[in-house]
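> Fit chain A to the given chain G structure using the hints.
Protein chains: 2
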Amino acid sequence: MSPGARSKELLSPDALEAELRRIGAERYHIHHPFHHLLHQGKLNRDQVRAWALNRYCYQAAIPLKDASIVARMDDPALRREWRERIIDHDGDQDDEGGIRRWLALTDDLGLDRPYVVSRAGALPATRFAVEAYIHFVRERTLLEAVASSLTELFSPQVISERVSGMLTGYDFISEDTLRYFNKRLTQAPRDSEFALDYVRRHALRPDQQAAVLDALRFKCDVLWAQLDALHFAYVEPGLVPPGAYDPNEDVK
Amino acid sequence: MSPGARSKELLSPDALEAELRRIGAERYHIHHPFHHLLHQGKLNRDQVRAWALNRYCYQAAIPLKDASIVARMDDPALRREWRERIIDHDGDQDDEGGIRRWLALTDDLGLDRPYVVSRAGALPATRFAVEAYIHFVRERTLLEAVASSLTELFSPQVISERVSGMLTGYDFISEDTLRYFNKRLTQAPRDSEFALDYVRRHALRPDQQAAVLDALRFKCDVLWAQLDALHFAYVEPGLVPPGAYDPNEDVK
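Here the protein sequences come in this chain order: G and A. According to our numbering, the first sequence is numbered sequentially starting from 1. According to our numbering, the second sequence is numbered sequentially starting from 1.
Pulled out of the complex, with its shape left as it was, chain G reads as follows (with noise of 0.2 Å):
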């Protein structure tokens, strides 16, 4: 169902790389109000809150996607190098991994942590937007899969504006809260090379290049989508949908 401008011609490998950085430089979530305002200290900590118990939904999904993916590929060095990704989310032991780091922010937000896991206070539409990225990765050819994964990309830029606004602009943030996103700084790195290539290598058909193109627009409109949903219900109008976290109301 993703639409976009389908391309007609066979592009070089270098070209298709440009149009996905060309993606990512109109649509990628670092140009959200909601970003700006993050990055920028102008949140309070209710707001800071929201976007940590929602971002977790999209945090702790990042495996199952990923599983997915592994699932999918035939080759075991592919499934090899993949699966690291599983890895660096899930950990060795119980208080390792991304998905730990990021407990740790919530934690020191105050969030109670049954409350994060158990994503009762999430927004509706940040559910759904995951649970749009996990079945798009199970539904969809392996290529597309990959390359819904390269918004990684961008994201050191995105981490690294994030992390100096936020330990500039909020006292209720320290370095060590923001240790997920250190990680984030290397790993992503590693992993956006490693599905760049493999995109550029394996898109050799003017549809497969229009579907690759396809699954990064998908994929930052799932970030997108989030951000707006966090803008909407915490920011303006503010208007939390029935059941979510409410600063108002709820002592979580």
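In silico DMTMM-like cross-links for lysine to aspartate or glutamate, where the CA-CA straight-line distance does not exceed 25 Å:
id: 1; chain 1: G; residue 1: 42; chain 2: G; residue 2: 249
id: 2; chain 1: A; residue 1: 8; chain 2: G; residue 2: 112
id: 3; chain 1: G; residue 1: 42; chain 2: A; residue 2: 236
id: 4; chain 1: G; residue 1: 8; chain 2: A; residue 2: 112
id: 5; chain 1: G; residue 1: 183; chain 2: G; residue 2: 193
id: 6; chain 1: A; residue 1: 183; chain 2: A; residue 2: 193
id: 7; chain 1: A; residue 1: 42; chain 2: G; residue 2: 236
id: 8; chain 1: A; residue 1: 183; chain 2: A; residue 2: 92
id: 9; chain 1: A; residue 1: 183; chain 2: A; residue 2: 161
id: 10; chain 1: G; residue 1: 183; chain 2: G; residue 2: 84
id: 11; chain 1: A; residue 1: 42; chain 2: A; residue 2: 108
id: 12; chain 1: A; residue 1: 183; chain 2: A; residue 2: 96
To be clear, the hints were calculated from the coordinates, so they are not data collected in a lab. Model, not experiment: these values are computed from the prediction.
Coordinates of chain A only, in the frame set by chain G:
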């Protein structure tokens, strides 16, 4: 992933129905500010176009959702009953059925039909919510899938408010434009009575009843999230996500 209070006690069918109606009274999208604006005639033509364009995605998915439910019913009598929903939406020929009547509405609003059908201008959040609904009926139990249709218990009220409000409030809307809704005023009660009876007879354990209540909450979220996204993009703050229908740019 749908959260909600877990009932530990077995409810009588009447108590279960009362609980379902309570959820609707609290969470049905009739209470959403965008619905109020729509039926009070307070939207401009572009905003009504955005609503009709996005809501098309939902309308178009209904027969897919219902076919997935029929595909899971072992009983021919049940399948005969439920297939009526598919017939209602698809008609017997090209110029009939609920989807066709919805396109008559978008036609009358001056939207280009191929553009509407392509869903290219729909909000990503609309697509994600609609896909969440399709996946829900495929992946959950048949009982939950049937229960998720129970928002139709509340739709006659929303439809009659919408029709009278839109006819009064908008000079670009005629009774003929809204003929989709007139049909639904008879179809929805017939469908929802059947589904309600099914749920009353098949939700016989506390866990099943809790799942049924969660299914209705989920479906209310699906409808609510669509109005959140419309409100955010086209009313307040009015930030159209990249690629979505933009009245200021798009002459469609």
